Amino acid sequence: MKVELQNLTKIFPSRNKKAGGEVVAVNNFTFTIPDGKLVGLLGPSGCGKSTTLYMISGLQQPSAGKIFFGEEDVTDLSPENRGIGLVFQNYALYPHMTVLQNIMFPLQNLRGADKMTKAAMLERAHQVAKLVQIDELMDRKPSELSGGQQQRVAIARALVKMPRVLLLDEPLSNLDARLRLQTREEIRRIQKETGITTVFVTHDQEEAMSISDMIVVMKLGVVQQVGKPQKIYDDPTNLFVAKFLGTPPINVFNGRVEGGKLYIGDAAVLDVPGVEDKEVTVAVRPEGFILDDNGALECNLSNVEVMGRDVSIVSTHEQSQNPVIRSIIDADNKIDLNAKSVKFSLKAHKTFLFDAKTEERIRFGEAE
Amino acid sequence: MVVLNALKTFFVDWIWKTFCVKWIWQTFFVAWIYDGFFLGFICKKLKFDKWKGWIYLSPALVLLAIFTVWPIINTLALAFTNNAELYNRQGTGFGIENFTKVLEYQGFLDCLKNTLLLTVLTVPLSTILALLIAVCLNAIKPLQRFLQTIFFLPYVTNSLAIGMVFAAMFNVVGARYEDGALTSNFTLGIINNVITLFGGQPVNWINSGSGYWENIAVMTIYIVWNALPFKILILLGGLQSVNKQYYEAAKIDSTPRWRVFTRITVPLLSPMLAYVVITGFIGGFKEYTSIVGIFGEDMGPNNLNTMVGYIYNSLNGDYTGRASAAALILFLIIFAVTMVNLYVSKKKTHY
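Keeping their order, the protein sequence lines are chains A and B.
Counting in our numbering, the first sequence runs from 3 upward without gaps.
Counting in our numbering, the second sequence runs from 981 upward without gaps.
Okay, chain A solo, but in the shape it has when bound (with noise of 0.2 Å):
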C-alpha cells in the first residue's frame, strides 16, 4: 500500500495565547512512500518526524493539507479505520496480559464480518510470534521480558491484524547499543518478509542508514532531502544534511573560492571550476582525506587511533568549525606519530562546498 503526503501541515497553537508564537511542528510536507519499501524518517529532536507519523497513524489530526493509502483518502479517518498498525517509542504493552493475550488483543477487537473463532485467532497469533521469534515467550508477562523481546511482541501486536501500514516510533530507542544492532537487523527482516509499507521514525542516522530503503531528513518541520540512504550520503543538498549523516561526522572549514580554486586558509586545496568567487563552507567526509606529503592542506597532528583494518587521524586546524578533523584512511598508509603536522589532498567527491551564508549546496565539476 503506498502512503501518499500532500503538503501536509501541522500547527500547534501557543500555549499562551497573548504571547503568540504557534508551532509549525510540520511544514508543507509532500512525499510518496512507495508500496512496500522502508521508510525511515530522520531528524534531530523536535523536527515534526514524531508528528508526521502520528498524523499519519491518525493519533493527531493535521492542520492543513493530504493523507492517502492508495488511491484512499484517509485524512479524517479515525486511526481504528486506517488500518495501521503502530509500534510506541516505550512499547506500550498491556503490563497485565500475557504475551499471547497481548498479541490477540487486536483480533478479539475485530467485529462483524471480521470476526475470527478463537482457533483461528490462537492459529495468527503463533503465525506472527513465529515470525518474530517469540513462540516461545508466549505465557510470560511484559515485564519479564527484556527490552529487545518486548519490543518484537510490540511489533507482533501491530502485524497480527495484517495492517496495510505499519509504523514504529523510535522503535530501538530503548534497547541498548548491541540489542540496537539486533533489533534492527530484525526489523529490516520482518519488513521484507510481510512486505508491508512501512516508516519508522528515528534521530539516529545509523539506524536510518543501515535499514530504510529510503530516508526523509526533516529539520524544523521542513523536509531536507529525500532519497536513498547512500544518494543523501553522497550529494547532500545542504549542510544541515551534510553535517546530520555520517559517523564520524563530516568535517566542516571555513573557505572560499578565488579563480576556480578552493581556499582553506591560505592553501589551495581543491579545483572547483564553475564556482565564482566567493565566502564558501567546505565540508569534507572523513574518508575524503589522502594522505600525501604534498599535500596542500596542513593540519596539526593531535592523535591516530588505529581501529583494525583504518585508521582515524585526529587533528586540528584554525579555519575548523569542528574541534578536532576526524580523517579516516587506510591501515596500509604509514604514520609518523612523532611528526607536528600532517598534510592530506583531498577527493573531490567526498568534498561539498555550500554558501556560507544561505548553507546551500554549491556544485562544481565532475561531483555533479
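Treat the hints as calculated values from the structure; they're not laboratory data.
Any given hint could turn out to be false.
Below are the DSBU-like pairs computed for lysine-lysine, each with C-alpha atoms no more than 35 Å apart in a straight line [what the hints assert, rightly or not]: (1) A/Lys120 x B/Lys1224; (2) A/Lys68 x B/Lys1121; (3) B/Lys1328 x A/Lys120; (4) A/Lys349 x A/Lys336; (5) B/Lys1326 x A/Lys143.
All of these numbers come straight from a predicted model, not from anything done at the bench.
Let chain A serve as the given structure and place chain B on it in line with the hints.
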C-alpha cells in the same frame, strides 16, 4: 535575718521545684517525643551506634506500647475474664462466659446483622459508583477541577452534620401514624416532596413507625455518599497515572469502549481498587457515627445499632468483659474478611 534567710531558701526552693524541675523534665520529654534527632545526637556522642535505629524509633514505639499494645493485651485478658467490670477486673476468674453470653444475646446478634448488612450493601455500591465517577471525571477536561472539589466536599464535612442534613432530607416532620396512616398535619422532607411530585406516596423513611428496610435504605445512601470522596480521590489519582499510550494503542486496535474499560482500565486500576475495597470493608465494620448522625443516640425506631455501638454501650453499662469479647469478635471478623480480600486481590491484582 533568720526569717529572711528561711524565706529566701524557701522561695528559691519553690522556684526551683515549680519551674525548673518541671521545665527541664518537660523539655526532655518534648525533645524526646518530637525530636528523635536529639536522641540520635546523644547516642552519637556516647557511641551507641548499635542502638541508634531503636533509639530513633523509641518515641513512636513507647506511644504505641502505651496506647495500642497495652490496651490490646488488656482487652484479651478482660475478654477471657468472667464478669469483668471496670473496677473489678478480676471478675470471677478465667473463662469464656463473655463470648457465650455475647453470642447468645439477641441485641448483639442484631448489631452484628446490621453491621454485616450495611457493609455488604455499601462497599460494593460505593466502589462501583466511585469508579464510574472517577472514570467520567477523568474523561472530561473543562470543570474537572471544580467537580473534583465538589465531589470531595463530603470528606471535609463533619459526618454528624451531614447526618442531620440527611435526616432533614428524609424527614416527615410532624408526621404521626394513626390507624396505620399518616395524619394530615405534617411537613415532608425534600425526598418525599420529589416522590409526591412524581405522583408517588410519601414514604416514612426514618421517623417513628418507619420500617427496617426503609431505615437501611437511608443508611446505605448516606454511607455510600459519605464514602465516595475518598474512593474517587484514590481512583482518580490511579487513573491519571495510567500511561495514555495504552489507550492510544487500544484506539488503534479499534477496541470498543466497554472492552477498554474492562480489559485495560480496571486491571490497571486493580491495586487502587484492592486498597479501596479493603479499607472500605474495614471502615464498614467500624460504622457507628453515621447512624448516630441520622437517628441520634437512640439508634432509630428499629435499633440500627452496630458492633461498635454495642461495644460502646456495653462499656457504659459496665459490662467490660462483654465489650472486650465483642471487640475481639469484631477484630476476628475484620481480620478474616481482610485475609479473604488479600487472597482474592493477590490473584486478581496486577501491580
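Hints versus structure:
no. : hint                 : result
1   : A/Lys120 x B/Lys1224 : holds (29 Å)
2   : A/Lys68 x B/Lys1121  : holds (29 Å)
3   : B/Lys1328 x A/Lys120 : holds (23 Å)
4   : A/Lys349 x A/Lys336  : holds (19 Å)
5   : B/Lys1326 x A/Lys143 : holds (16 Å)
Of the numbered hints given earlier, the model fails none.
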